[in-house]
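If you want the building blocks of each chain, they are given just below.
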Amino acid sequence: MTGATPGATPGPDPADDELRELAAKQAALGEVRGTPAADPVNAPMIRHWLDAMGDANPAYLDRGVAPPAMAQVWTMQGVRPRGKVSTPVDDVLAALEARGYTGVVATNCEQTYHRYARLGERLTPATRFAGLAGPKRTALGEGYFATWNVTWYADGDEPVAEMMFRVLKFRPRTRTGTAPAGRREPYPLRPAVNGDTAFFWEGVSRGELRVQSCADCGRLRHPPGPLCPHCRSADRSYVTASGEGTVYSYVVHHHPPVPGRRTPFVVAVVELPEGVRIVGNVVDCPPEDVRVGLPVRVTYRAMDDDLVLPQWTPREPR
Amino acid sequence: MLKSQAAIAGIGATEFSKDSGRSELRLAAEAVFAALDDAGLDPAEVDGMVTFTQDANQEIAVAREIGAGELTFFSRVEYGGGAACGTVAHAAMAVATGMARTVVCYRAFNERSGRRFGQPDARLGGQPTSQGLEMSWHVPFGLMTPAAWVAMFARRYMHAYGVTSEDFGRVAVAMRRHAATNPAAWFHGRPLTLEEHQASRWIVEPLHLFDCCQESDGAVALVVTSAERARDLRRSPALITAAAQGSGEGQMMMTSYYRDDMSGLPEMSVVGRRLWEMSGLGPADVQTAILYDHFTPFVLAQLEELGFCGRGEAAGFVRDGGIELGGRLPVNPNGGQLGEAYIHGMNGIAEAVRQVRGTSANQVPGVRNVLVTAGTGVPTSGLVLSAG
Ligand SMILES: [Zn+2]
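Protein chains in written order, with the working numbering: chain A, 1 to 318; chain B, 1 to 388.
Where hints are given, some of them may not hold.
Stated by the list, open to error - Computed from the model, here is a short list of chain B residues facing chain A with C-beta under 7 Å:
| hint | residue |
| --- | --- |
| 1 | F117 |
| 2 | P120 |
| 3 | G126 |
| 4 | S136 |
| 5 | M152 |
| 6 | D260 |
Stated by the list, open to error - If you anchor each label on the Cβ, the simulated ranges turn out as follows:
| hint | chain 1 | residue 1 | chain 2 | residue 2 | range |
| --- | --- | --- | --- | --- | --- |
| 7 | A | A98 | B | R64 | 53 to 61 Å |
| 8 | A | A98 | B | R273 | 41 to 49 Å |
| 9 | B | G310 | A | D235 | 37 to 45 Å |
| 10 | B | E249 | A | E21 | 49 to 57 Å |
| 11 | B | E277 | A | A94 | 39 to 47 Å |
| 12 | B | D260 | A | G64 | 46 to 54 Å |
What the hints assert, rightly or not - Covered stretches of chain A (chain B as the covering partner; in silico rule of three or more C-beta atoms under 8 Å from a C-beta of chain B):
| hint | region |
| --- | --- |
| 13 | 239-251 |
| 14 | 255-267 |
| 15 | 279-286 |
Read the hints as simulated data drawn from the structure, not as lab findings. The C-beta atom is built at its ideal place from N, Cα and C for all residues, glycine as well.
My request is simple: use the sequences and hints to build the entire structure.
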């Protein structure tokens with residue numbers, strides 16, 4: 001991933017004070033307990049996880065303990081959360097989103113393991129908001145570093161594992177540089193969104209490229225739709241794509257002028273390793289350097305204060 | 001079976017221009033009058049009407065204007081220019097089943113002086129209808145003109161088969177050469193060289209200006225009735241030997257980028273297979289073809305989908321003069337939409353009728369069967385018309 005190095009601090013903005021105030025308030029909440037895991041630590045999940053990770057070590061299941069790195073797995077919200085469970089972090093991230101810091105990239109993740117979680121134990125996460133640093137200029141755009149800690153407790157309030165997590169929430173750079181303060185000119189080319197497609201656009205606004213997957217047969221599908229054409233299931237889920245892709249075809253638009261766009265611009269059909277194709281612009285690359293087969297990586301651009309579009313940038317260093 | 005039960009008994013058109021100076025309804029009525037006069041039928045005999053979903057003139061409005069009486073059949077065909085041959089297919093079905101006896105198919109628009117299809121429309125992705133949602137995967141990225149949608153296929157086609165912009169250009173040059181000797185064509189007397197094609201500005205790479213068809217004001221109408229009755233009318237009939245509509249798996253409007261292959265037109269393959277099956281004919285049995293030519297690359301893909309040559313061989317077919325007058329398969333002797341006019345494919349059907357009658361300005365000798373296709377990149381349609 002592109003280096004997100006903290007840099008010089010831009011000039012003062014009253015919005016920054018509001019953010020700092022909110023961050024202080026959330027930090028003062030201390031550790032907030034979340035919902036206990038839906039299932040106790042169990043062998044089938046451990047077996048799946050070891051299989052997915054390619055870990056052939058039989059010791060875990062033989063001894064009836066979970067691999068420590070699974071801590072997050074037990075309490076992970078499903079792709080369709082059962083109910084709104086808030087942590088002190090949510091409000092801070094939402095406030096950053098609202099101020100145009102729509103991009104997100106994880107910068108640090110440190111885990112500390114106290115002991116193995118045992119089969120049958122039900123873990124409960126507790127989240128403590130640790131701090132907000134910024135605004136900083138980074139290679140990705142101006143942003144804030146948000147840090148929080150999660151501790152997983154076993155049934156008897158005994159900590160099993162801890163994790164420090166830090167993300168950079170940034171205002172994606174645009175052609176004209178960092179977004180100016182205040183409302184931006186609304187981008188005229190807006191997608192229609194309904195219940196069948198909202199998950200995709202929500203994902204994009206959080207810096208995730210979501211591909212619909214069938215919760216029953218597992219098939220991926222893009223563009224998404226209300227049903228699975230293979231098994232008729234209406235039980236939809238999604239996977240978050242790796243964000244890498246390859247240009248399958250592309251065009252360079254010259255004429256006629258397109259509202260909200262400066263010509264020439266490149267539009268590509270990008271093939272994802274997950275097995276679907278998606279359309280987006282190729283940015284940060286001269287049109288003459290785009291070619292079929294070009295390895296690209298997703299990047300997120302705020303077109304105005306509300307709309308973020310997934311775009312693609314060459315993967316190889318240029 | 002529909003085969004040879006109905007015929008096109010009359011064709012009519014307005015002049016093809018860039019500014020008709022008249023309303024679209026008036027253009028429709030003028031073309032319908034001309035078609036009825038050609039067939040030798042009175043407007044009062046019209047009892048059915050078919051047009052494009054996109055046409056702005058309601059059937060009842062045209063019926064009022066021409067003084068038709070009661071209608072017993074009216075229908076619209078969807079998907080832009082993909083509707084062209086579909087209007088004749090619907091009319092033939094109505095005649096064959098007894099829903100109507102005299103059906104008029106028409107298309108009328110001021111596409112150059114009024115609303116131009118090539119201009120971006122920010123409202124395309126606006127509403128969460130199935131079409132609006134489909135457009136929403138493309139429009140926000142500025143991929144919102146027919147030229148751009150087609151260019152995406154063209155690039156992949158070039159990549160798959162080593163086709164060049166000059167190969168596309170040869171299609172435009174052939175069409176303009178045909179138009180040059182067709183007095184009704186906008187580009188009458190104005191051929192194009194490959195150098196001019198190559199020097200023309202980019203619209204959407206890899207498409208140059210001259211890969212894109214012109215925009216026109218005008219109208220075309222066709223009269224469909226039973227084959228039996230058509231034989232007794234003024235003109236020799238163009239039998240509807242086969243008619244088909246087709247959409248492919250994973251079909252979208254101009255943006256079917258998500259199915260297995262992007263270097264073909266599966267929907268045209270559906271239409272082609274149906275036409276050959278219904279007619280009992282094959283590619284060797286047609287003496288000339290009207291291939292929808294809103295953009296040059298899709299003429300190449302159609303030659304392959306319809307079986308006139310193998311996959312990836314169309315560029316060679318064209319390079320060898322295959323689509324020229326006097327070639328293996330003269331394509332669009334009227335100059336097509338690149339050369340004659342863009343009336344959403346309906347002027348091509350009229351040319352096919354002239355070829356069957358033997359009355360075209362660029363008559364191909366010995367025409368017994370003509371294949372006609374409609375809009376490409378969209379759910380489409382096709383016809384085989386025959387001398388009867
Ligand atoms: Zn399924």
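Structure-inconsistent hints, enumerated in ascending order
1, 6, 8, 11
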